[in-house]
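> Hints in hand, dock the two standalone chains.
Note that the protein sequences, when read in sequence, are chains B and S.
Heads up, the first sequence stops at 166 in my numbering, and the numbers go up one at a time, no gaps.
Heads up, the second sequence stops at 306 in my numbering, and the numbers go up one at a time, no gaps.
To be clear, the hints were calculated from the coordinates, so they are not data collected in a lab.
Check each hint, because a few of them may be wrong.
With a Cα cut of at most 30 angstroms, we get these calculated DSS-like pairs of lysine-lysine [to be verified]:
no., chain 1, residue 1, chain 2, residue 2
1, B, 136, B, 146
2, B, 94, S, 139
3, S, 73, B, 77
4, B, 163, B, 138
5, B, 77, S, 235
6, B, 106, S, 73
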Amino acid sequence: MSPPASFHWPAALLRVCTAPWGLWPRDKRALLAPRLAVTAVPAAGRKDRPALPALDERELEEQFVKGHGPGGQATNKTSNCVVLKHVPSGIVVKCHQTRSVDQNRKLARKILQEKVDIFYNGENSLVYKEKQEAEKKKQERKKRAKETLEKKKLLKELWESSKNVH
Amino acid sequence: MPQTWSATGLQSLRRGASLRPRHPFQSLRPVLWTQPLTPRQLQCVQELSSRRLQRMPVQYILGEWDFQGLSLKMVPPVFIPRPETEELVEWVLEEVAQSPCAMGAQGGPLILEVGCGSGAIALSLLSQLPQSRVIAVDKGEAAICLTQENAQRLQLLDRIQIVPLDVTLEGSWAHLLTWGPMDLVVSNPPYIFHRDMEQLAPEIRSYEDPLALDGGEEGMDIITYILALAPWLLKDSGSIFLEVDPRHPELVGSWLQSRPDLSLDLVAVRRDFCGRSRFLHIRRSGAQRGCPADAWPWPLPARVPG
Numbered sequence: 001m002s003p004p005a006s007f008h009w010p011a012a013l014l015r016v017c018t019a020p021w022g023l024w025p026r027d028k029r030a031l032l033a034p035r036l037a038v039t040a041v042p043a044a045g046r047k048d049r050p051a052l053p054a055l056d057e058r059e060l061e062e063q064f065v066k067g068h069g070p071g072g073q074a075t076n077k078t079s080n081c082v083v084l085k086h087v088p089s090g091i092v093v094k095c096h097q098t099r100s101v102d103q104n105r106k107l108a109r110k111i112l113q114e115k116v117d118i119f120y121n122g123e124n125s126l127v128y129k130e131k132q133e134a135e136k137k138k139q140e141r142k143k144r145a146k147e148t149l150e151k152k153k154l155l156k157e158l159w160e161s162s163k164n165v166h
Numbered sequence: 001m002p003q004t005w006s007a008t009g010l011q012s013l014r015r016g017a018s019l020r021p022r023h024p025f026q027s028l029r030p031v032l033w034t035q036p037l038t039p040r041q042l043q044c045v046q047e048l049s050s051r052r053l054q055r056m057p058v059q060y061i062l063g064e065w066d067f068q069g070l071s072l073k074m075v076p077p078v079f080i081p082r083p084e085t086e087e088l089v090e091w092v093l094e095e096v097a098q099s100p101c102a103m104g105a106q107g108g109p110l111i112l113e114v115g116c117g118s119g120a121i122a123l124s125l126l127s128q129l130p131q132s133r134v135i136a137v138d139k140g141e142a143a144i145c146l147t148q149e150n151a152q153r154l155q156l157l158d159r160i161q162i163v164p165l166d167v168t169l170e171g172s173w174a175h176l177l178t179w180g181p182m183d184l185v186v187s188n189p190p191y192i193f194h195r196d197m198e199q200l201a202p203e204i205r206s207y208e209d210p211l212a213l214d215g216g217e218e219g220m221d222i223i224t225y226i227l228a229l230a231p232w233l234l235k236d237s238g239s240i241f242l243e244v245d246p247r248h249p250e251l252v253g254s255w256l257q258s259r260p261d262l263s264l265d266l267v268a269v270r271r272d273f274c275g276r277s278r279f280l281h282i283r284r285s286g287a288q289r290g291c292p293a294d295a296w297p298w299p300l301p302a303r304v305p306g
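The following block holds chain S by itself, in its conformation from the complex (with noise of 0.2 angstroms):
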């Protein structure tokens, strides 16, 4: 081993590695560790390292990283998903187990997740809501590629429609509504504060898609797209469920009192295992009065919304 490992670097590596059966590192296991390795498999440690000394991420290294007890294929530059967002689906669950009938008993509930990424959250509400159906987007080719392709290797093709979307162009998420209104949003969208995306580490810097984390100067451009589409979408007393930098809560409450057309209300903020504050449960509260047409960023689609 080169001398410039860290031995918490090379032990990470080795840890998340030796978790997986069938990965080349399965063979460092410890009751094979007083067997020397076979010049193949020198070749592989090497090639792993160098990778590894070059700040690639060991999700991308490795090919392939857990997530609520799926394994889902990784491949750069799609967004590695987080720990923290487990705890967004375990909420999500827990929302849904407490309001069956809201959900909606036949084929629920209908979810929408906005930046699907390599498919984390809307693959695994899938697998532990049998009854749900998912509509995933994406503006990143390569993020559609990449849900789908776990999806398949999941086998829950179908149950879930993965559609090449960018949220902020006008008018692209309107043909969302033939699929009918939804009970749940849910999304992990960029949130970074742009001032903040150069000190981030070089794995995530040199690695990520930056346009899966930089959210503009206060991380909240997506953010609002997403909530100011939300009620076009929404069943009523729908919910949305976002991941954000704990600074939002504060931000996203002002927000929405700026924009009562929404008739939407930040009903909960919920830690993450750090303390942080770090996802908001947002409502909608029943039928719109009325199309408000100028805090519109987009023109109208055609149908109202019932």
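Chain B with its partners taken away, still in its complex shape (with noise of 0.2 angstroms):
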């Protein structure tokens, strides 16, 4: 799937992040999966979890937040902002976290695949899950701690009962 020719970048755009991109189509059935095929983005997983959905290097499209002067030893600007898009689905997020243009893209894609999982997986996505499993783990806690607490109250009340008997 490539980009429509007349895809430009529109400076304003730039400064805006990470909502999905305005111009394309919301309606995520009439838009192909991303192609899982051999990437540049790699999908390393936990041990004991699956991997993200790999990126497609190709469906790609990162812009610098740079001077667009000679580069390289004639350039010193600090600016190292990253703007990655995703062109499939639209979504571009930009990344600003640290000072390295070369960190900052690796981020980007981190934080892009995640996107790109929860747009086209939903409630299936990992991202998705994992939250889930952590509030239900959470909600499990609290119950616990509930019942734990009941019961201290319950030993608590027999204990003076008994005491007041004797």
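Have a look at this one:
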């Protein structure tokens, strides 16, 4: 899937970050799912968890918010913001977290991977599932804590009442 | 704030400063913007701002900058590492990972960096290749001191040799052979065309060492010296990795063809993140046939390379 020839980057939009691209259709059923082919973005997962769907580097457009001078030794700009767009879905992320362009590129890809996963997989996405699991665990802990508290209360009452008897 | 600040200028200074904890500007994090500045903070801001208004590079104002995840001290006029150069390091790391045998399993690879500046390339390679050793040379005294200091801060002194050296001076580099033949030569040499020097931004022109930038008429002066000495110092099939001007891949290609005596091949050109041809991989193709005495700019060293 290639971007339309008329696509361009209006300067104003470079300052807007994480909202999905306004020009693209929001209806995801109209879009093909991204190809999970060989990519430059690794889909590394933790041992006990499946990996995030990988991004295909060919479907990404990258822009660096820095002066378009000659670059290299001839330029010294400290702006190192990376703007990364996933073309099929229209999702754009901006990363300005570190001083290194290289690190920001890597982080932008990681963030984009998660957003693309949510976009295509919704409730089935890894991020959503992990959130649900975390929430579930939290609820269970709360429930157990409440139960323990009630047991203690009951025991205390029994102790008090048994003291009164003797 | 003085009216002469541009919005982006102030923003970049604040941004650059806020990304580092323990800095005086740490107090400008958003949560504290509702509190008035203390007199000391105000004085600090005014001092730093006046330096920025004099076009001092942010990295010199802050006295430090990051490179490949390392925090390095920055001191004028030592050359400030550029973001593109991080990709040079990435490329070297990729190549080393792909050819572990060629790089030597024990205590390897042995790397020569020409023009180490603040130590950015040398130290990032050392920190990501735990078995590697680096010989870092520079002709600038300030650069030698700064690389030493950064190596100490990062506790990498045990695997680096920092040597004051001007590779364009005859016979100067011969004693490097005492450390043995090298696996790699890496450099971000001065590569700006002399006629482009006056067009550099004031930040660069007024504060960074011009000797770290000016590569002569076609920006090739230092590059050619590095390429000429490399075959003497490299192992068979050893590699040279250079950062260059986008016009250099062609110029270097032609120059290497005119010097078959060097037995060097331009094997790859890599683009930087702006899509410009920025990096060269040159490989030494096997043992030397003989010593091309008349082609060398200096007298030959006593030892013949093996």
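> Now tell me if each hint is right for this structure.
Hints, one by one, checked against the model:
A C-alpha spacing of about 15 angstroms is found between residue 136/B and residue 146/B, which places the hinted pair at or below 30 angstroms, so the restraint holds. The straight-line distance between the Cα atoms of residue 94/B and residue 139/S is roughly 40 angstroms, outside the 30 angstroms bound, and the hint therefore fails. Between residue 73/S and residue 77/B the CA atoms are separated by roughly 18 angstroms; this keeps the pair inside 30 angstroms, and the hint holds. For the given pair, residue 163/B sits about 38 angstroms from residue 138/B by alpha-carbon distance, which is inconsistent with the 30 angstroms threshold.
Our distance criterion of 30 angstroms between C-alpha atoms is broken by residue 77/B and residue 235/S, whose separation comes to about 38 angstroms. In summary, the hint linking residue 106/B to residue 73/S is supported, as the alpha carbons are separated by about 24 angstroms, within the 30 angstroms threshold.
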